[in-house]
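Asks: Chains H and L supply the protein sequences, listed in that same order.
To get this note's numbering, take the position in the first sequence, counting from 1, and add 749.
To get this note's numbering, take the position in the second sequence, counting from 1, and add 749.
Incorrect hints may appear among the rest.
No copy is singled out in the list; a pair is fine if it fits within one copy or between any two copies.
Stated by the list, open to error - Here are the simulated DSSO-like pairs of lysine-lysine, each with C-alpha atoms no more than 27 Å apart in a straight line:
hint, residue 1, residue 2
1, LYS1269, LYS811
2, LYS945, LYS1122
3, LYS945, LYS1282
4, LYS1282, LYS811
For the record, the hints were derived by calculation from the structure and aren't laboratory data.
There are 2 protein chains.
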Amino acid sequence: MNEPPQGLRVALAQINPTVGDLEGNAELIAQFTDRARDAGADLVVFGELCLPGYPAEDLYLKPHFARANVIALAALARRTSGIAALVGFAEPAAAPAERRRDGPAPRPVHNSVALLADGEVASVYRKNRLPNYGVFDEVRYFEPGGEPLVREIAGVTVGLTICEDLWEEGPPAALEAGAGARLIVNSSGSPYLRGKGTDREQMFAERARAYGVPIAFCNLVGGQDELVFDGHSFVVDAAGEVVARTRQFEQDLLVWELGDRRARVEEPLADRDEVYAALTLGVRDYTRKNGFERVLVGLSGGIDSALVAMIAADAVGADRLTCVVMPSPHSSEATQSDARAIAENLGAELIELPIGPAMDAYGETLGNQWTGKGLALENVQARIRGNLLMALSNDRGGLVLTTGNKSEMSVGYATLYGDMAGGLAVLKDVPKQLVYELVGHKNARAGRELVPGSVIERPPSAELRADQLDEDSLPAYEVLDRVLEGYVERDLSREQLVDEGLPGEVVDYVIALVDRAEYKRRQAPPGIRITSKAFGRDRRLPITNRFQG
Amino acid sequence: MNEPPQGLRVALAQINPTVGDLEGNAELIAQFTDRARDAGADLVVFGELCLPGYPAEDLYLKPHFARANVIALAALARRTSGIAALVGFAEPAAAPAERRRDGPAPRPVHNSVALLADGEVASVYRKNRLPNYGVFDEVRYFEPGGEPLVREIAGVTVGLTICEDLWEEGPPAALEAGAGARLIVNSSGSPYLRGKGTDREQMFAERARAYGVPIAFCNLVGGQDELVFDGHSFVVDAAGEVVARTRQFEQDLLVWELGDRRARVEEPLADRDEVYAALTLGVRDYTRKNGFERVLVGLSGGIDSALVAMIAADAVGADRLTCVVMPSPHSSEATQSDARAIAENLGAELIELPIGPAMDAYGETLGNQWTGKGLALENVQARIRGNLLMALSNDRGGLVLTTGNKSEMSVGYATLYGDMAGGLAVLKDVPKQLVYELVGHKNARAGRELVPGSVIERPPSAELRADQLDEDSLPAYEVLDRVLEGYVERDLSREQLVDEGLPGEVVDYVIALVDRAEYKRRQAPPGIRITSKAFGRDRRLPITNRFQG
Chain H
750 MNEPPQGLRV ALAQINPTVG DLEGNAELIA QFTDRARDAG ADLVVFGELC LPGYPAEDLY
810 LKPHFARANV IALAALARRT SGIAALVGFA EPAAAPAERR RDGPAPRPVH NSVALLADGE
870 VASVYRKNRL PNYGVFDEVR YFEPGGEPLV REIAGVTVGL TICEDLWEEG PPAALEAGAG
930 ARLIVNSSGS PYLRGKGTDR EQMFAERARA YGVPIAFCNL VGGQDELVFD GHSFVVDAAG
990 EVVARTRQFE QDLLVWELGD RRARVEEPLA DRDEVYAALT LGVRDYTRKN GFERVLVGLS
1050 GGIDSALVAM IAADAVGADR LTCVVMPSPH SSEATQSDAR AIAENLGAEL IELPIGPAMD
1110 AYGETLGNQW TGKGLALENV QARIRGNLLM ALSNDRGGLV LTTGNKSEMS VGYATLYGDM
1170 AGGLAVLKDV PKQLVYELVG HKNARAGREL VPGSVIERPP SAELRADQLD EDSLPAYEVL
1230 DRVLEGYVER DLSREQLVDE GLPGEVVDYV IALVDRAEYK RRQAPPGIRI TSKAFGRDRR
1290 LPITNRFQG
Chain L
750 MNEPPQGLRV ALAQINPTVG DLEGNAELIA QFTDRARDAG ADLVVFGELC LPGYPAEDLY
810 LKPHFARANV IALAALARRT SGIAALVGFA EPAAAPAERR RDGPAPRPVH NSVALLADGE
870 VASVYRKNRL PNYGVFDEVR YFEPGGEPLV REIAGVTVGL TICEDLWEEG PPAALEAGAG
930 ARLIVNSSGS PYLRGKGTDR EQMFAERARA YGVPIAFCNL VGGQDELVFD GHSFVVDAAG
990 EVVARTRQFE QDLLVWELGD RRARVEEPLA DRDEVYAALT LGVRDYTRKN GFERVLVGLS
1050 GGIDSALVAM IAADAVGADR LTCVVMPSPH SSEATQSDAR AIAENLGAEL IELPIGPAMD
1110 AYGETLGNQW TGKGLALENV QARIRGNLLM ALSNDRGGLV LTTGNKSEMS VGYATLYGDM
1170 AGGLAVLKDV PKQLVYELVG HKNARAGREL VPGSVIERPP SAELRADQLD EDSLPAYEVL
1230 DRVLEGYVER DLSREQLVDE GLPGEVVDYV IALVDRAEYK RRQAPPGIRI TSKAFGRDRR
1290 LPITNRFQG
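Build the full structure now, drawing on both the sequences and the hints.
Replies: Set out below in structure tokens:
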């Protein structure tokens, strides 16, 4: 089914825009358009809503935001000549009805892509299928389009689609193929989850074969709060073969000519490298796009904070990373020395702040108003550490990264305002087992123990009381992570989990812990999503909830 | 247009269910059904999704939750005889497709109401119009119904609708009226906002006149996380006159006979009483439904914490309220003595915990690692107070109520993990000006200064440094609250605010503060919604966002 090159040269412009930065995004689009023209492309394709940024959430509801993005689009069009450009923008919907008090808001905009050519907005295609599940709320914002759209570009009929339009069979792509499209272009904002790049390729290959046309998919790249867009744009030919592929997790520009059997095809990262790269980009972009110069990590000597420090050093540079070790009387010499070794191996600044004096002060102040033991006393320690990190952050302007993993966040094995204090929860969607895998993998890649072996070997402990071990309060992580994967990610019931061979009393215990911790997660910092169900907009459960199981 | 009584006797059963509590809710429904039968009703109407609870959010996505609610419904049906009951439930949708990885989830259930009669589920009506704006995400959960439904009850043709179905003209109600309905029944879960009860009556009166039939509206009552359902159920006759009205903010059962010109018609509360009652119910139900025995409030001597303590005492009883005064070297004698007076006037427990020793300990520990001044030092103080409250909470099991008002939450004039630490932010949606109004009003109602006049007169101050006043950092609250109402609640642009006569530099300053504080609000506890746009699921803005204005 491959044909010889036939003239239409398509550039996939995989850019990293910033939500709300109309000026910066327009400049980025203009630069990539120039580069695509220089590379001989007839058409340059950008990702979904690249001009206003995606997802811009309730910004789309502000009429003046939509107006500003239309003005920016017109200015971009004027800079486009000698090449056609497909640019995603929020298109104000016709005659929105008056908003009633607390009544249905009109959906103010379309999720659209403009075909800019010869200095003008030549055509506009409106997304037909609006995802409204998982992390997506598109029905809240967008009025769906109802029409397919094909356009002649450099003599070739091209069908336009946006992201979800191609995730199900049928219109608009089927109609566009029927109308003679020889290429379907898909402008996407498809967020990362583990292994999703390959899944997308397989699905688009099915569509290409079904419609008998090649598909060019251009994704966004970059971090936006809890989401990471992985890039990984590609072209599949009419036989479903991948004939072009961009890099993952970075900006890229790739030109492919219709009929070309093999343009540049980047090799996708292996699983653990991919997850690590997603986390690193998430941290880098949250830091950069929010204007932080430094990041701070509290190092306990445990494996979670070790991984976070490692990611932070890769994301922003070790010279902009401050590690803070905050020993208490319950901290062992071994963990403290491991913590120091990690900071040193990474080449990061190290600060030591013992929390004993503050613990004494709280004890003195609370006096006989409390029992001074148990959970309350443990939490005071975690909160002193949180306060110290925040004091450094407020004083120096750095972003505090929190270190709790998904297993802990699931069962509430974390102190609100304590170790949960910070701006970004790097491992919030990374189960404990995967934390071990990533550290082992990175050590192996580095060819040395960036994280000392003792950190990996030592049984996990919060070190908030003498001889404390995680496994005193929680099931072994191998079991815990299986229960959590079923309960949280797959929404299985207690009975289904038991049917999968998990012990009933462990299941009951874990489910109760997960449900009870909802109030903590509601106040947790955003985390980077890498699974099919992260804690965040992916999973919206009430705090007040008496359903069990 | 009024007709004489014609036999059909309808009971509005305004109940307060708990999300997820299938057993408890079924019992409540059965009790009210019995009471309605005893009162001679032919039909008893309950609020929307009263059996599973509303909004149960992603619980609706769990198939085993929907199954359990169907089993509970069948059991309820068997207990229904001698009366028909309209009971809201989550009805599993037919043959849900397999869920694809990160693909469109099938909408698993209908938002339905079952007509239970003679021991069976006689009919089911499915909500046609699904709100998906503001606080509502119903397109995420529910497959819409497409049909109107009329049923003969006690010889009278009755049309069934659910909440939003009647908020716009047209089907299903227009079709039901056309099919001969002599009464339209509306089962609702319509959350409170200031003045909404009256708005609803006016809108339903319009519909009643348009369709020429009376409308019986039965709402839920009670608090569910950030929402309060106000009850305020009613019947409007075909002329649009209110001929029956239940109480607000409490459970109620009211029987009205078709054609009756005036059953019991409760007088609605005056504006400030209504807002106060909403806040009180919100606190009471969050506390009760989440199993807290006590509440804790940090009293600063300022007006915000005074109002919160007052509400808390009314919500749970002064004997279950602990007030905590936490003076620093910057606290004035006057504010501390006012704080003590408030606790005493309310009859609440009072604990004093000076924070000086802990401040010293932090200073000593941080040593030359920080400057020890400015915002960092101020925040340390607020965070020590947060930690002390949380230590008491962890030790005694009480719920900490936070005291920041909407004006402060808007501009970020609050310390994350400090005065923002707690389980429920009582005044999160109450602008500062309204805080004053409510306190003045409650003092007047009490006929004495429950809150000392000096608290009302004193210029607001966070007292985190010597001689600090809110107005050093913020515009006067009269101006600030006007900017915030326009920017936050009405989504106005900078230009529109200036056109409304607000000073440009104040507008710019406030907008920048509001945008910059998004990360703090993301980690704030839930608050009780009383306006048309609260911080919570009502307003979803990205943290990473470079759009200004």
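Asks: Decide, hint by hint, whether the structure agrees.
Replies: A quick look at each hint next to the structure:
{"no.": "1", "hint": "LYS1269 <-> LYS811", "verdict": "between (31 Å within a copy, 22 Å between copies)"}
{"no.": "2", "hint": "LYS945 <-> LYS1122", "verdict": "neither (47 Å within a copy, 48 Å between copies)"}
{"no.": "3", "hint": "LYS945 <-> LYS1282", "verdict": "within (13 Å within a copy, 36 Å between copies)"}
{"no.": "4", "hint": "LYS1282 <-> LYS811", "verdict": "between (29 Å within a copy, 14 Å between copies)"}
When held up to the earlier numbered hints, the structure conflicts with hint 2 and nothing else.
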